[in-house]
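S.K.: Following the hints, put chain B in place on chain A, whose structure we already have.
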Amino acid sequence: MSSEPDFDYLRYMTDNDDKKAVLHELMTAYGKEVWNYAFSITRKWDLADDITQEVFIKVFRNLHNFRRDASVKTWLLTITRNTAIDFQRSAFFRKVTLTDWFSEQGDRRSAEQDVIERLAVNDMWKLVLRLPAKYREAIILFAHYQLSMKEMADVLGVTEGTVKSRLFHARQKLSKLKELDRHESE
Amino acid sequence: MNPNDQELRNGLSRGPLSRNGFTDELRRKIEDRLEEAPRRFPARRWIWGGTVSLLAVCLLAIWWWPKSGEPELAPFSASADLTPQEKANLEQKMAAERPLKSAVLIGLRTDEGSADGLTGASRYRTVFVAPQDGRLQQLAEGDGILMPYRQNFWKIANARDLNGTETQVLQTYQVSGKKATSPRLIEAPARLSEKLLFVGNVYASVRQTDLSVRQTEANARRPSASGAFYYWIKDIPQMAASNDRTVWDPKREPHTTLQQVRGGSDSAADGLTADQWFIDRQPGRWVGRTTENGVPFEVSEDVVSKDELTLPWEEISSLEPAAKDAFTSTTGDVVVAVTGSQIELYYYRKHGEVSKQVAIPLKQGETIIMMQWATEDKYIDIWKRQVPELLQ
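Sequences listed follow chains A and B, in order. Per my numbering, the very first residue in the first sequence carries number 46; after that it's consecutive. Per my numbering, the very first residue in the second sequence carries number 259; after that it's consecutive.
These are computed hints drawn from the structure, not numbers from a lab. The C-beta atom is built at its ideal place from N, Cα and C for all residues, glycine as well. Any given hint might turn out to be false.
[Said to hold, decoys possible] Residues from chain B shown here face chain A by an in silico Cβ test under 7 Å; the list is partial: (1) LEU270; (2) PRO274; (3) GLY279; (4) PHE280; (5) LYS287; (6) PRO508; (7) THR589; (8) GLN650.
[Unchecked claim] To give an idea of the interface, some chain A residues facing chain B are shown, with a C-beta separation under 7 Å as derived from the structure: (9) GLY76; (10) SER85; (11) ILE102; (12) PHE105; (13) LEU108; (14) ALA188.
So here's chain A without its partners, still in its complex pose:
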């Protein structure tokens, strides 16, 4: 997701444009990354599916609201994050996954962690997905999505200073987790 496909025409969308065709192209270009971000936030496959559906339906209904000064990537990531927060707030989500995301349970092994252990592409992702949510998000937006500090601040709704601070702590925590794993394996 480091180089952005050309969706410049989104800035000039009118009601007469074929919105379904535009959405189709957006899903082709960004579907996987929207799902990945939703999964990174929630660490749950089913929720990532549901959130991704809502994101693209929202996008379809709001194509004409695309901000001219934002990139499509940050626009989609912002919508994904806000949708995930909406899910977190919903009664259903609270009931089913109360212990996750905002109230994470440290090292307690869960079905989700099993999925991560089995399917994560490498050890770095395994470590990152164990970070508390706010650090996890920061490091993923920085290293995977390669957003600038300003873009990250916009997506996360915090200041650039806060982003830098979270990245600093995220690195420290990654280092500690790595160390912990090394001790456990010895």
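M.R.: What follows is chain B alone, placed relative to chain A:
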């Protein structure tokens, strides 16, 4: 040693999982849902029992107390009440052609029933309507009350407690600009329930209910004496100052007295020196009321700004015979008629040339608590850029 940028970027360059989550099946599901009518998310599981009607009657009783038997202010600056000069000005305004240059944020509160009928939960939403492609269009809608305050946007919404459960305690926070923040989970004070009655561009009117006091209709009629209800006018910093309280003490609640708004000498003249007062809606205007006697009074521009109707009631009635309430933009190009079931927005090009452009269905028990206008191109553009995202 902490991982460096290159290690991180290399390690995380691919997606988190070896399997692709965005499958063709998921794509098909999305495409199948595109024609669905828009619904507000997250879906809420309302519990509606057979007692709802009864509760609605009880809730209405709360609102009836200050009004019953009290004189009402004239509903509109109706042409019949105007001086010849004012009437001439109004007619001139009506006859003038107006370009469409108004955007509006409409704040709505929906009251649910409760077992006792007096402490029902409230939910809030904001609808954004602005000119787009030469006509008014609803461009966004979202939870909470999104309001412009100074050069930024703020949100007032029900806070969530440490378990993530929505409370009936309000949280006020900046959502745009350098000091923008996200909502925080709070330790909600016990026995407190809050309800927004009005939101202006600086002040909000809030009713607080002490849940430890029996909420009876008699108490609702005498809020000051009963200790069951408290009515405060708060500016936005005072609203935000309440975010961090974990213990609620009404005696220490930040607020703006009527005297502070009106100035010392003015308030003394008519005896309105109340600590507790609130903003209420009468057809066509916002009015102030104190908890002492409930008599409606004109509120200063500081608290309720841009509240002048630019059309006489007869004209609004001719647009929408079922109108029970109405608002107009300060430039007079947009007229909002409120019926029992929907909010209708009209583009009032000039007298005789009026077209209905947007209809917003009202939910059961839903009322307007905010109507904020932007009428300059610069601000309309900013709103159109920022509001849809802030309401997502």
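S.K.: For each hint, tell me whether it holds in the structure or not.
M.R.: Against the structure, the hints:
{"no.": "1", "hint": "LEU270", "verdict": "4 Å, holds"}
{"no.": "2", "hint": "PRO274", "verdict": "5 Å, holds"}
{"no.": "3", "hint": "GLY279", "verdict": "4 Å, holds"}
{"no.": "4", "hint": "PHE280", "verdict": "4 Å, holds"}
{"no.": "5", "hint": "LYS287", "verdict": "6 Å, holds"}
{"no.": "6", "hint": "PRO508", "verdict": "29 Å, violated"}
{"no.": "7", "hint": "THR589", "verdict": "24 Å, violated"}
{"no.": "8", "hint": "GLN650", "verdict": "5 Å, holds"}
{"no.": "9", "hint": "GLY76", "verdict": "4 Å, holds"}
{"no.": "10", "hint": "SER85", "verdict": "6 Å, holds"}
{"no.": "11", "hint": "ILE102", "verdict": "6 Å, holds"}
{"no.": "12", "hint": "PHE105", "verdict": "6 Å, holds"}
{"no.": "13", "hint": "LEU108", "verdict": "11 Å, violated"}
{"no.": "14", "hint": "ALA188", "verdict": "4 Å, holds"}
Comparing the model with each earlier hint shows violations of hints 6, 7 and 13; every other hint is respected.
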